Amino acid sequence: MSVVLLTNPRGGDATSAHLVPVAAQSTFREIWIPAAVTLGLQWVPMFEAGFPVDRSDLPDVIRELETLRDFCLSSASLRESILARLERLIDELNKINSSDEDVEIFIG
14 MSVVLLTNPR GGDATSAHLV PVAAQSTFRE IWIPAAVTLG LQWVPMFEAG FPVDRSDLPD
74 VIRELETLRD FCLSSASLRE SILARLERLI DELNKINSSD EDVEIFIG
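Position in the sequence shown (from 1) plus 13 gives the number in our numbering.
Treat the hints loosely; a few may be bogus.
Dumping the calculated DMTMM-like pairs for lysine to aspartate or glutamate here, alpha-carbon to alpha-carbon at most 25 Å [said to hold, decoys possible]: (1) LYS108 / GLU43; (2) LYS108 / GLU77; (3) LYS108 / ASP26; (4) LYS108 / GLU61; (5) LYS108 / ASP83; (6) LYS108 / GLU79; (7) LYS108 / ASP73.
Derived by calculation from the structure, the hints in this document are not laboratory data.
In this text the structure is predicted, and so the values were computed from the model without any measurement.
Let's have the full structure, built from the sequences with the hints guiding it.
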């Protein structure tokens, strides 16, 4: 299993969905969750079970991911293991947040 970002234009069919890999399940459990707990993050641990993200919550989710990114920059092992995927996730969510496109967002 894995954690992904799945976006789909509202009312679109499955062929218009966009999938961004976030982490393998084991990597998420072993690295992302402990770091999120250490930082007191609320949204990131919820990625494991998965949930639809309301557009109004995107700024809070992005802030948490940026906090996690900053934390990872201070650790060579974290930087190597999750930074590239984390930065891509932040970039994708920022694109959605700054666009006018009406999309359904799911992380999990």
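Quick one, are LYS108 and GLU61 close enough, alpha carbons at most 25 Å?
holds, 23 Å
ask   = Does the structure keep LYS108 and ASP83 at a Cα separation of 25 Å or less?
value = Holds, because 20 Å separates the two Cα atoms, which is no more than 25 Å.
Inset, instruction - Assess, step by step, whether the Cα of LYS108 is no farther than 25 Å from the Cα of ASP26, and give holds or violated. - result: holds, 21 Å
- Take the C-alpha atoms of LYS108 and GLU77, compute the straight-line distance between them, and say whether it is at most 25 Å. holds, 16 Å
Has the given pair, LYS108 with ASP73, been kept, meaning a C-alpha gap of at most 25 Å?
holds, 15 Å
- Query: For the pair supplied as a hint, LYS108 and GLU43, is the alpha-carbon distance within the 25 Å limit?
  - Reply: violated, 28 Å
- Within 25 Å, alpha carbon to alpha carbon, are LYS108 and GLU79? Holds, because 15 Å separates the two Cα atoms, which is no more than 25 Å.
Of the numbered hints stated above, the single one contradicted by the structure is hint 1.
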